[in-house]
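What follows is each chain in one-letter form.
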Amino acid sequence: MGSYRTLRDLDWALLILSLLICGLGVLQIFSATRGTKWQNAWWKQVVWLVAGLLLMWLISSIDYHTLLGQVPVLYAGMVVLLLLTVVIGSKIFGARRWIALPGGVLLQVSEFAKIVVVLMVARFLTELKTDAINWRDLLKLVGLVGLPMLLVMKQPDLGTSLTYLPILATGIFLAGLRWQYALSIGVLAVVLIPSSWFLLKDYQKSRIETFLDPSRDPKGEGYQIIQSKIAIGNGGMWGRGVTKGTQTKLQFLPVPHTDFIFSAFAEEHGFVGVVVVLGLYFLLLMQIVQNAQTSPDRAGMYICMGVCSLLLFHLLVNVGMVVGKMPVTGIPLPFMSSGGSGMLSVFMMLGLVHNVRLRRFVN
Amino acid sequence: MPPLSHDASQHETLDPAVLRDDVIFAAWRIAFFQYTVVGVFLFILSGFWTLQVQDNLIYSEAAARNRIKSTPMLAARGKILDREGRVIVDNHFSFSVILSRENLKDEHLPTITEGLNLDHEDLLARLRRWKSVPKYRAIVIKEELTAAEIAFVESHNDPDTFPELELVHVQHRLYPKDNLMAHVIGYVGEVTEAELDLPDFAKYNQGDVIGKAGIERQYNEILMGTDGERQVVVDSKGNEREVIGYKDAIPGRSLQLTVDLDLQIVAELALEGRRGAVVALDVRSGEVLAMVSRPAFDPNKFAGRIRRKDWDEIILNPDKPMFNRAIQSNFAPGSTFKPLVALAALEAGVIDDNTTFNCTGSMSFYGRPWGCHLRKGHGRVNLQRALEQSCDIFFYNTANLLGIDKLFEYGDQLGLGKETGIDLPFEGKGLMPSSKWKARTLRQKWMGGDTVNVGIGQGYVNVTPLQLALMIGGIANGGIWNRPHLVNDPNRRETHTLAINPLSTSSVIYGMYGVVNLGGTGGSARLPGVEVCGKTGTAQLYGYDTKARGSAIAKDLRDNAWFVGFAPRTNPEIVVAALFENGEHGPLAAPIVRDVLKVYFDKKSRNVMRAPTLAMAPLGQKGFAVN
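Protein sequences, first through last, are from chains A and B. Each residue of the first sequence is one higher than the one before, starting from 1 at the first, in my numbering. Each residue of the second sequence is one higher than the one before, starting from 1 at the first, in my numbering.
Think of the hints as simulated: they come from the structure by calculation, not from any bench. We put the CB at the ideal spot given by N, CA and C, even for glycine. Don't take every hint at face value.
[Unchecked claim] Rough simulated footprint, nothing fancy, chain B against chain A, three-plus residues with beta-carbon under 8 angstroms:
{"#": "1", "segment": "6-14"}
{"#": "2", "segment": "233-241"}
{"#": "3", "segment": "313-327"}
With the sequences and hints as input, model every part of the structure.
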């Protein structure tokens, strides 16, 4: 194996795109939190970004085949940590999602679990050694992804648990899902999704109801959606200008540096800014897809596509939420939202993509 | 042998994929994924296009509404003063509490109603009525808060307790006590939805307090100031961040009336507990010196939000306290009409000072008997005695000779049968009948008996107390009268001149002098040292027949009592008309007129009766300044 890799072989386009988006994110965090109790969030974000880049390099330097070989260990570790989270996790806002580490750092295990799920799905599908997945393997895989999903749902954190689904779905689709299966799954979903309504917690039900009709509760759940739409609409074509977004500055927009950072951005930079940033995201996703296409083997392809589908899902759910086309789920926007665990996990995933890229020339 | 195709498919699934561990097998699926990505981005972008480009204005406005809070700074209404500058209507400051329905939580209501001493059911009913009004419009739930209630609101309107409550500083109209001048002044109230639809009210905004009746309505534009405004930027917690606009309130201008409070109060007291009206005019200028209507209402009850109970009490009262009898009641003038008949007959030459008629207590005209109020008859009377004793037979004859249309000419020119043009809203017209009028409105021919009846101020003829004062004042002044007014506005001055022979007026005036001073029916109006002239009147509401039939006649079927008097006899200055509804006898009204005249001449002798004292600019111009 040609194990000598240089920086030159990194996917520079991908790195630059991700850094550009992160840069805009840091600026937006700075603008949105100036003069508030979060005004230090922007430089913390820079620190997290640097840490994320280091982790990215670390992950990309270990051959992904080695990582795939460790999947059983990683998976077991993830399940144990998720169980620990449910049991001893720090309770914040009524949910146990974090494990308190020494030094005041809160570790959100469910974020890092995404990487394990990506690797696990890639290995499972590669090992099938077939072009068309059968029912037994399909159910096995669903079970393997379903376990961490259930544990995260238990925290409760419906939003994050749902992010594992696109990895599973994309993997199955790429592995050769027969149309008969797809049809059966579709029918099952139509039957199961409405009945799962009764399994949802009250706050989850009310979020979906509020999504369908924000004016139902303009001061409560619907408030966020309404204020977010006002902020975006207020931006207009060219935006209000940096630090001039009134919805953001006057705190009508809830958490303008985390979940609703994109509305704050849209208010200050307008439709033109939105098109630019979404364009950057689009190029970034396409670059990852290209890495999948040029992957030396199926495992690499599955890893890239898993990462890509996960990012796409985040984007759809978060940006869809701020623009009023998706329910409020509390899923952050990758690269932009302020927050450590999200930043680290997203760059670790990019590390996987670089990893595949670095090893594309099989000799 | 199994079919080949089956074999082939078996072969394909069994083929170890590891042999060709490349990604070509998934090429089209990856392409499909790429299209999905494109689809997701277009879906998201369409959302931004709608919000930022299509509906940008809607959301910019919403953002502005979010952050810009404007609080009105209410302008004080101008004061209303009497002719000497004494304050009749003033303002006082008070606090009201408003309820924002956007933040309202139903479970707060019981505590709020208790703290503010409100009726819970009342408030719920109020909230139901406001259901259709947009929620951002707050409701005033209580006005004129007491110190304890202000303390309750201030200690509870923090974001955690009752953020829906807010105190506002307001100006309230302070009207005089005891219903003084209620009808002249009128009252103010919030402009209604129905009014806002009218073109005259287009200049007002929702929530404006405007004059609803009387002077408050007539001179609203002068009295009403321009509210100021304070615009601030607030954050989501409601904290003020920045003041972006400030406009001072411009207070309304004060208004001086021609009314003299001393005369007014005397007239008010005389009518206390009765139903009736008094009007006192300056004969020379048309200035209203006093105007009373009773029963009255308390305008203070309207100054705030009138309570349902009070409103019902006023509206359902059979005595109609809101009705300004001085300008709105149309009653037969009775014998007070006789001076006009006499004047018209003298002018037309159908009688002269020496014409006599024999009164035997009754006389037949057009085939039916017509009685005199004095059953035994006055004997042979000339004009002088007929006026003094109010002989009906004399005036039946006179009117019969004169004819209705000649009489109409004089009545019309002295202001009867039409609005006088006084500066008060909703003035009554009265009725000065003519043969044309009857043909036009009743489609009937004018009969001789109609004229006979009008000759003693009965039948079709109707006047308001103001018209009567104006008409008698006009005769007293030799045929010259001015449009009556409560505010001296040079632009509204209007003088009418009726060309009459001074000899005719002096005959009539002398007759009226005799009524008071030469043993006539109005002796109780006599005033030492002042030559008071006047005329009594007892206007029947029903014919003599009815009266004769029932011994127990209901209060409201009894006759109206009139007296109209002026003084001095030569160069008259003041005319006063008094009406007692159902007052049984005319002479009862005379002492009121005497009392008002007495105050006037007392003040004049002490040299304290003066013209309006304040500098007044023409209305409609700024600078109605009070020094």
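Status of each hint after checking the structure:
With a cut-off of 8 angstroms between beta carbons, the segment 6-14 of chain A has 0 residues touching chain B; three or more are needed, and the interface restraint is violated. Counting residues of the segment 233-241 of chain A whose CB lies closer than 8 angstroms to any CB of chain B gives 5, so the stated coverage by that chain holds, three being the minimum. Under the rule that three or more residues need a Cβ within less than 8 angstroms of chain B, the assignment of the segment 313-327 of chain A holds, with 7 such residues.
In this structure, only the earlier hint numbered 1 is contradicted, and the remaining ones agree with it.
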